Amino acid sequence: MTKDQVAELEGRAKEIRVLTIDAIGHLGVGHIGGAMSVADLLALLYFRRMDVDPKDPRRADRDQLVLSKGHAGPALYATLALKGYFPIEWLRTLNVGGTALPSHCDRNRTPGIDMTTGSLGQGISAACGIALGNRLASVGSRVYCVIGDGECDEGQVWEAAMFAAHYKLDRLTTFVDRNGMQIDGRTDEIMALGSLAAKWRAFGWFVQEVDGHDMGAMDGAIGAAALELGRPSMIILDTIKGKGFSIGEGKVESHNMSFGAEEAKKAIAALEGR
Amino acid sequence: MEKKEMRAAYAETLIELGRENPDIVVLEADLMRATGTASFAKAFPDRAFNAGVAEANMVGVASGLSAAGRIPFAATFGSFAGRRDYDQFFLSANYARLNVKLVGTDPGVTAKYNGGTHMPFEDLVLMRAIPGLCVLEPSDPVSLAALVRRSAELYGCVYIRMPRGSADILYPSSESFEIGKSKVLRRGKDVAIFALGALMVGEAIKAAEGLALRGMAASVIDVLSLKPLDLDTLFALARETGRVVSCENGQASGGLGGAIAEYLLEEGIPIKFARIGVRDEFGEVGTQEYLQERFGLTARKIEEAALSLA
Ligand SMILES: Cc1ncc(C[n+]2csc(CCOP(=O)(O)OP(=O)(O)O)c2C)c(N)n1
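Residue numbers (this note's numbering), protein chains in the order written: chain S, 938 to 1211; chain F, 17 to 326.
No lab work stands behind these hints: they were computed from the structure. Everything numeric in this text was worked out from a predicted model, so none of it was measured. Where hints are given, some of them may not hold.
[Said to hold, decoys possible] Estimated spans, in silico, between C-beta atoms of each pair:
no., chain 1, residue 1, chain 2, residue 2, range
1, F, Glu32, S, Arg1123, 51 to 61 Å
2, S, His1103, F, Glu320, 49 to 59 Å
3, F, Ala145, S, Gly1092, 15 to 25 Å
4, F, Ala112, S, Gly1141, 26 to 36 Å
5, S, Ile1025, F, Lys19, 36 to 46 Å
6, F, Ala145, S, Arg1138, 54 to 64 Å
7, F, Gly181, S, Gly1066, 33 to 43 Å
8, F, Ile285, S, Trp1095, 45 to 55 Å
9, S, Val943, F, Ala145, 52 to 62 Å
10, F, Ile185, S, Val943, 54 to 64 Å
11, F, Phe298, S, His1103, 28 to 38 Å
12, S, Arg1044, F, Gly284, 44 to 54 Å
13, S, Gly1092, F, Lys19, 35 to 45 Å
14, F, Arg202, S, Gly1131, 51 to 61 Å
[Stated by the list, open to error] In silico contact screen, one side only, chain F against chain S (beta carbon under 8 Å); selected entries:
no., residue
15, Val69
16, Ala70
17, Asn73
18, Phe106
19, His134
20, Asp296
21, Glu300
22, Gly302
23, Thr303
24, Tyr306
[As the list claims (entries may be wrong)] Every beta carbon over 12 Å from chain F, so not counted as near; a handful from chain S, in silico:
no., residue
25, Thr939
26, Phe984
27, Arg986
28, Tyr1022
29, Arg1029
30, Ser1056
31, Gly1077
32, Val1094
33, Ala1135
34, Asp1148
35, Ala1161
36, Ala1163
37, Gly1197
38, Ala1198
39, Lys1202
Yeah, the Cβ is synthetic: ideal placement off N, Cα and C, and Gly gets one too.
Construct all of the structure, not just a fragment, from the sequences and the given hints.
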């Protein structure tokens, strides 16, 4: 990637953060922490890596994303709005009764959402199924999946890990958003994960670890994953929970935070001033 | 009316029980902050276990703790308590005849902004199907505290459905409660409204007040225990009024409405009957007021249902 390309993607990531903070602040409460930590990845996927068409969100050979940590939906909605799937104005309808944008991802309500998620652990299995289905249909597209590090507590994640390796799902690239936090505290205090890299390797995956706020590093890893044949790819992203949201950055409390329009304004100003 | 957080009542009761009985242990699945049991963990650090985001494992471990002589109280959102660890609760806890207390928080529309993925309309239906399981939905902080205590005293599995937020205090602290017994909150000869849980009991009381203005005298029964169901009260009030309305914050089929219909029909008590509850739909996001309207869980709907039986 050139410097300009990186700068453009970083601009997109900032827009995603701004719109996410605005939407949650407008409502008054939401999962801001885990949304902020994946904003950079979402910018990179949708504005560089994924072959998708906002005018044809269900195109059969599109690349797909399963946001298994479905509570980060608001960041994905901001990304999809910026990409042109639906009007930016929709973002302020987050969680309002009858909305197309519910807190957790819903494939039947939101254009561009590929899979319904929200019960942690389930998305990565669905991602395996989509990758398998694409193979059956001889569709060569990629399936991306994002799980949380807290989500890795769920046994189902490891069932999917075994399945993906057994069936050699090499068109599946999964990311762990390793922000080191879950709801009740730091992951090493609540349920120690040990070496995630060693675990995924032991399950037969091609594993890379990069800074989840470094566009170049992430892009390189995604490229390397695409070249890997015969096994699924895991890219562990080192991230900061609440990244870019001044009120909650690096705080466990940022998981599901109450804040209003005024605080959102201030946080957006701080972000844009950076 | 005075209010209190349900989770505060839950945690305080666990701490009291923990002081009295060293066998009481608490399990959580990364929702300790939400459930409010961090205070128990502080008081008894070696008797509180956070399983991380792993509900099935939590309930499996709780079963093992029970087999080893402890009395575990495990909690998570009702959506996941019902669905994500059902097999573990069914088999390792209930079928194995162990002594596990499972708490499901955020019942029905009280899941609000967490939306359809987190909105348990089905937990009561699932739990009713487990042989011998006691299924409770306390209506206020006092009944919750008492029934948590009764659950601890009883050897056997219990499912307790509980909103986290504040609820009106309906009973004096001296009131006594038993598993399998309901409370008649109001007596009226024209219709008997059987309501389950804080939300629907509140709506039923409002509905009874509205009905009184329209010349219909309603009894309101705080069901408290879905299983075992208080059949003496059910049969007596059904006979007395000839009209029954069931109200629940979940599917109208298979839960309280289903249970009442089954027992009354089997007993051969001829009544007019209406159900208030969710009609074969999934949950969705919104404010609680929006969701109550959306799924027909309001005092107005209860009134309409009662009047339709006149
Ligand atoms: C099966 C299930 N259990 C519990 C929850 C409630 N919950 C939502 S987010 C969360 C913590 C997730 O932590 P992590 O995966 O690290 O997410 P992040 O920190 O990236 O937001 C929990 C327990 C859930 N959504 N699904």
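Now the hints, each set against the structure:
1. Judged by the Cβ atoms, the range 51 to 61 Å given for F:Glu32 and S:Arg1123 is violated: they are separated by roughly 30 Å.
2. Take S:His1103 and F:Glu320: their Cβ atoms lie about 56 Å apart, and the range 49 to 59 Å holds.
3. Remark: the range hint 15 to 25 Å for F:Ala145 to S:Gly1092 is upheld by a beta-carbon distance near 24 Å.
4. Between F:Ala112 and S:Gly1141 the Cβ separation comes to about 35 Å, which falls inside the hinted range of 26 to 36 Å.
5. For the pair S:Ile1025 and F:Lys19, the supplied restraint of 36 to 46 Å holds, since their beta-carbon distance comes to about 40 Å.
6. Hint check: F:Ala145 to S:Arg1138, Cβ distance near 42 Å, so the stated range 54 to 64 Å is violated.
7. As the Cβ distance of F:Gly181 to S:Gly1066 is approximately 37 Å, the hint placing it in 33 to 43 Å holds.
8. Distance hint check for F:Ile285 and S:Trp1095: the Cβ-Cβ separation is about 53 Å, which falls inside the suggested range of 45 to 55 Å.
9. Restraint check, S:Val943 to F:Ala145: a C-beta distance of roughly 56 Å satisfies the suggested window 52 to 62 Å.
10. Checking the proposed 54 to 64 Å range against F:Ile185 and S:Val943 shows it holds: the Cβ atoms sit about 59 Å from each other.
11. One distance hint, 28 to 38 Å for the beta-carbon pair F:Phe298 and S:His1103, holds here, with the actual separation near 33 Å.
12. At about 48 Å, the CB distance of S:Arg1044 to F:Gly284 agrees with the hint of 44 to 54 Å.
13. In this structure the supplied range 35 to 45 Å holds for S:Gly1092 paired with F:Lys19, their Cβ-Cβ distance being about 39 Å.
14. Judged by the Cβ atoms, the range 51 to 61 Å given for F:Arg202 and S:Gly1131 holds: they are separated by roughly 58 Å.
15. Below 8 Å, beta-carbon pairs count as interface contacts, and F:Val69 has one with chain S at about 4 Å; its hint therefore holds.
16. With a least beta-carbon distance of about 4 Å to chain S, the hint placing F:Ala70 at the interface is held under the 8 Å criterion.
17. With 8 Å as the threshold, the beta carbon of F:Asn73 comes within range of chain S, its nearest partner Cβ sitting at about 6 Å, so the hint holds.
18. Look at F:Phe106: its Cβ only gets to about 17 Å from chain S, farther than 8 Å, so that hint breaks.
19. At its closest, the beta carbon of F:His134 sits 7 Å from a beta carbon of chain S; the interface hint therefore holds under the 8 Å criterion.
20. Hint on F:Asp296 is violated. Least Cβ distance to chain S is approximately 17 Å, over the 8 Å limit.
21. About 7 Å separates the beta-carbon of F:Glu300 from the nearest beta-carbon of chain S, less than 8 Å, and the hint is met.
22. Because the beta carbon of F:Gly302 sits about 3 Å from the nearest beta carbon in chain S, less than 8 Å, this interface hint is met.
23. Proximity of F:Thr303 to chain S holds as hinted, the smallest CB-CB distance being about 7 Å (cut-off 8 Å).
24. Look at F:Tyr306: its Cβ gets to within about 3 Å of chain S, closer than 8 Å, so that hint holds up.
25. Listed as outside the interface, S:Thr939 is consistent with that label: its C-beta sits roughly 40 Å from the nearest C-beta of chain F, beyond the 12 Å cut-off.
26. The claim that S:Phe984 is not at the interface with chain F holds, since no C-beta of that chain comes within 12 Å of its own (minimum 28 Å).
27. No Cβ of chain F comes within 12 Å of the Cβ of S:Arg986; the nearest lies about 27 Å off, and the non-interface call holds.
28. Every CB of chain F is more than 12 Å from the CB of S:Tyr1022 (nearest about 19 Å), matching its label as outside the interface.
29. Every beta carbon of chain F lies more than 12 Å from that of S:Arg1029, the smallest distance being close to 14 Å; the non-interface claim holds.
30. In this structure S:Ser1056 is not separated from chain F by more than 12 Å, as the shortest Cβ-Cβ distance comes to only about 6 Å.
31. Distance check for S:Gly1077 against chain F: the nearest CB is about 31 Å away, which clears 12 Å, and the non-interface claim stands.
32. Not every C-beta of chain F lies more than 12 Å from that of S:Val1094, the closest at about 9 Å, which undercuts listing it as non-interface.
33. The non-interface label for S:Ala1135 is consistent with chain F: the shortest C-beta to C-beta separation is roughly 18 Å, beyond 12 Å.
34. The beta carbon of S:Asp1148 is kept farther than 12 Å from every beta carbon of chain F, the shortest such distance being approximately 24 Å.
35. Even its closest Cβ contact with chain F, about 29 Å, leaves S:Ala1161 beyond 12 Å, as expected for a residue assigned away from the interface.
36. Every CB of chain F is more than 12 Å from the CB of S:Ala1163 (nearest about 30 Å), matching its label as outside the interface.
37. Every C-beta of chain F lies more than 12 Å from that of S:Gly1197, the closest at about 15 Å, which supports listing it as non-interface.
38. Every Cβ of chain F is farther than 12 Å from the Cβ of S:Ala1198; the closest lies at roughly 17 Å, confirming the non-interface assignment.
39. Its beta-carbon lying about 21 Å from the closest one in chain F, S:Lys1202 satisfies the requirement of being farther than 12 Å from that chain.
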